[in-house]
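Trainee: Both chains are given apart, each in its own frame, so use the hints to dock them into the complex.
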Amino acid sequence: MVQIFGDYDDKIPFSDEFLILGFSPASLPLKQRWRNNGLSADFLADYLATFFPANDSEPASLRKQAEVRNAVSYIANELLENAMKFNDDSSATPVSIKLQLYPDQIVFHITNSVSLQNGEKFQAFIQKLRHSDTQELYIRQLEENAENDNSTQSRLGLLTMINDYQTKIGWKFQTLPTESHVFIVSTMVQLAI
Amino acid sequence: MEIKTEEYTISYNNQTTTINCEGSLRLNGMEDYNPIVQLFEQVAGQDPALITFDLRRLSFLNSSGINVLSKFIIKVRQRKNMQIVVKGSHNIPWQGKSLKNLQRLMPTLGLEWE
Chain B
1 MVQIFGDYDD KIPFSDEFLI LGFSPASLPL KQRWRNNGLS ADFLADYLAT
51 FFPANDSEPA SLRKQAEVRN AVSYIANELL ENAMKFNDDS SATPVSIKLQ
101 LYPDQIVFHI TNSVSLQNGE KFQAFIQKLR HSDTQELYIR QLEENAENDN
151 STQSRLGLLT MINDYQTKIG WKFQTLPTES HVFIVSTMVQ LAI
Chain C
1 MEIKTEEYTI SYNNQTTTIN CEGSLRLNGM EDYNPIVQLF EQVAGQDPAL
51 ITFDLRRLSF LNSSGINVLS KFIIKVRQRK NMQIVVKGSH NIPWQGKSLK
101 NLQRLMPTLG LEWE
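Chains as they are written, first to last, in our numbering: chain B, 1 to 193; chain C, 1 to 114.
Keep in mind that the hints were calculated from the coordinates and are not lab data. Among the clues, some could well be false.
[As the list claims (entries may be wrong)] Quick partial rundown of chain C residues pointing at chain B, CB under 8 angstroms, derived from the structure:
#1 F60
#2 K75
#3 P93
Glycine included, every Cβ here is placed at the ideal spot set by N, Cα and C.
Isolated chain C (complex conformation) (with noise of 0.2 angstroms):
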């Protein structure tokens, strides 16, 4: 699974089940996401017991974008066999300020800094 454009590159990894998000996504509103949300529920389906997001080389991601990911993870935070994880990095400032407040919606999601 795979979405690319000239601006980012959001694709799923089944062996480490982790989504790799890249580039740049400030799409207009929920409309435009959904290609990316679809993406998250087809992984979801699958039932894997972790799901990695790596967000490491994600230099910007919109208010909308930050919705997106933040209603994915209450979607599927009541799933007792579902663990999620984040990977940030330290040299992309949003991630810095924006990534706690996942965990504030699901004190069980991992945060992994580098």
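One chain only, chain B, in its complex shape (with noise of 0.2 angstroms):
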């Protein structure tokens, strides 16, 4: 069974430019490998900069380089950090993150599995998400995080993704029937350059 939320886009025709990563999450547990989330995300940002030459001549080439590096490395980041703090391990299925590079914008494709219940509560997140204002909705995020001292996450990834990096965001939740125990869930990011 395959369900679509947001603006996930099928149909995105093939790059050239791309490059993938896959991590298998059980061979390490989570707080050894956490800064491998920050080490590849530095890994496909400064990999994609190179395409975005920069002169010291001209400032503004300078200063998109700087941007488009920055963007990619928060952005992969945040999919990481989400993608293997909900990863469930019991699925064969790996982590894996995909960046494509279009005239106008970059691709961002994270895979990985959830358990079913992570996947439903996931599910009613991204409805709220997708039907509120994201500005609003992240004060009152914060918000509720700050009266809430045990709240362990902070839900802030994707709606800053959304209102700081004007991202379009959309998600494949597919179950297969060799792991009915889990969702796999593909995460698309356009970021526009």
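Mentor: So, in structure tokens, the structure goes:
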């Protein structure tokens, strides 16, 4: 079964410029490999930045390169953190992140598994995201987080990507006959450049 | 007061009542941010009239870190005798995108750019 939410575009043509990283999270506890999220995000960002050559005599080109690098690093890191946090390690599906470069945008594609219970909670949050003013929701979320000292999730990653980076985000939830105890979630993030 | 690791340094300067944050802060959720939250709260406990956050050398902050900073601002904004100033840099793109949100939580918060 496949369910689509938000701006998930399956028909984007394949780009010749792409990079994909795969992880098998069960191989080490999350705490020990947390640093890998930032390292992978920086690697992806540095790799993509080379497609935006900067020239010291053109400040605009330097700014553009810094902007792309910083945005890719932030978004990739948030996506990896979420994927690693919620991945159901009993699933055989590895976590993967793919970046595709187009003339007008960068598309992030991250896939991970989640338990059915977490998947349903996540779907409810997606509905909230899609039917709210995201600027207001951001402030409301922060106020709620501040009131509740026990909250372990900030829920701010997706909201900052939408509000501060003007991205379009969509999700595909799939259940596989071989792994009916989990959803395989693919998150697509489109960043205009 | 100082917390120093390979990736980041958080330090407090008593004279200037400035909390300086440098490097890359991408810790795993609220639990791992706890020592930093405690440092912020110790500073607030000393009741300075002004707390300056100097973020000009903070190259990355993940959304959990944004949550920590926002939570602190929500906690102290009721205190009429305490002013907050945040120093950011135009050379670090995330700051231009996300720091303005702090002012939405506390309209009297001062944002200074270089």
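Trainee: All hints, please: hold or fail.
Mentor: So, going through the hints one by one against the coordinates:
1. F60: holds (7 angstroms)
2. K75: holds (7 angstroms)
3. P93: holds (4 angstroms)
Violated hints: none; the structure is consistent with every hint.
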